[in-house]
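Numbering of the sequence shown is given in my numbering, commencing with residue 6 and proceeding in unit increments.
Be aware that a few hints might be false.
[Claimed, not checked] DMTMM-like cross-link-like pairs, simulated, lysine to aspartate or glutamate; straight-line CA separation at most 20 Å:
hint, residue 1, residue 2
1, Lys74, Glu175
2, Lys238, Glu175
3, Lys255, Glu175
4, Lys255, Asp47
If you're looking for bench data, these hints aren't it; they were derived computationally from the structure.
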Amino acid sequence: MHTMNSLYFAPPIFFIIAFVFSMLGMGGSQLYIPILFWLGMDFKTQAIPLGMLLNIVNSLSAAFVYGRKKLTNWRVAVPFGISMILFAPIGTMANIHLPTRPIILVFAVFTATAALLMLSGWKPKRGSLSNHERIFLGLVSGAFLGFFAGLIGRGGGSFVVPLLYIAGLEPKLAAATSSAIVSFSGLSSFVSHIATAARPQWTVWILCAIAVLLGSQTGSRIMAGKMKSKSIKIVFGVVLLGVAAILIIKDVLR
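My request is simple: use the sequences and hints to build the entire structure.
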C-alpha cells in the first residue's frame with residue numbers, strides 16, 4: 006500500500022519533466038523509468054513499459070505541435086523511424102532473457118553518456134549530407150538505437166538529436182524531427198514490452214500519461230515560439246548524471 010501511495014507523487018513530477026524534455030526533442034524516459042523504479046515499481050515489468058508509454062505520449066504530443074508548425078523534416082524522420090521500429094522488438098526480446106542488474110547498468114551508462122553530451126555542449130560539425138547519405142545515416146543509426154531502445158526502454162532522443170545535427174539540420178529542426186523519430190521507436194518498444202512482460206497499474210498509468218501530455222503540450226508550444234534551451238540543457242545534464250550515479254551505486258554495485 007505504501008508503494009501504491011508513493012506512486013501518486015509521480016504525475017506532478019512527470020509534468021515538469023515532460024515540459025522540459027519536449028523542448029529538447031526527447032521523450033524523458035531516462036528520468037521516468039528510474040523515478041518509477043525508486044517509487045516501488047519492478048524495473049522490467051512495470052517501470053520500463055510505463056516509462057516507454059510516457060515517452061510516446063510526450064514525444065508524439067510534441068511532434069504533433071512541431072509538425073503543424075512545419076518544423077519536422079519528414080524525409081529524414083521516416084527512414085530513421087522505420088529502422089528503429091524494426092529493431093526495437095529485438096532489443097525487447099534480449100531484455101526478457103537478461104537479468105535485471107545488467108539492464109540497469111546499460112541504462113545508467115546510456116544516461117550518463119547522454120548527460121555528458123548535453124553538458125559538454127559538444128556539437129558535431131554540422132554536416133551538409135546529400136539526401137542519400139541522410140537516409141543511410143538514418144537507417145544504420147536507427148537500427149542501432151532501436152535495439153537499445155527496446156533493451157532498456159529508451160526512445161533514444163539524446164542520441165538522435167546530435168545525429169540529426171550531423172545530417173545537416175538546424176538545432177531547432179533537429180529537436181522537432183527527433184520528437185517524431187522517438188515516437189516511432191517508443192511505440193514499437195512499448196508494444197513489444199506490453200506483448201511480453203508488462204504488468205500495468207492502470208490508475209497510475211492514466212494519471213501519469215495525462216500529466217505528461219499536459220507538460221509536453223505546454224513545453225513544445227513555448228519551444229516552437231521562442232526558446233533558448235542552453236540553461237535547461239545544463240540543469241538536466243547535471244540531473245541525468247546524478248540519476249546515472251545513483252542507479253549504479255544503489256542498484257548495480259550493492
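Take a quick look at whether Lys255 and Asp47 sit within 20 Å of each other, Cα to Cα. 15 Å, holds
Mind checking the alpha carbons of Lys74 and Glu175 for me, to see if they're no more than 20 Å apart? 15 Å, holds
Holds or violated: Lys255 to Glu175, with C-alpha atoms at most 20 Å apart: 39 Å, violated
Are Lys238 and Glu175 close enough, with their CA atoms no more than 20 Å apart? At roughly 17 Å apart (the allowed maximum being 20 Å), Glu175 and Lys238 satisfy the hint.
Going down the numbered hints, you'll see the structure goes against just number 3.
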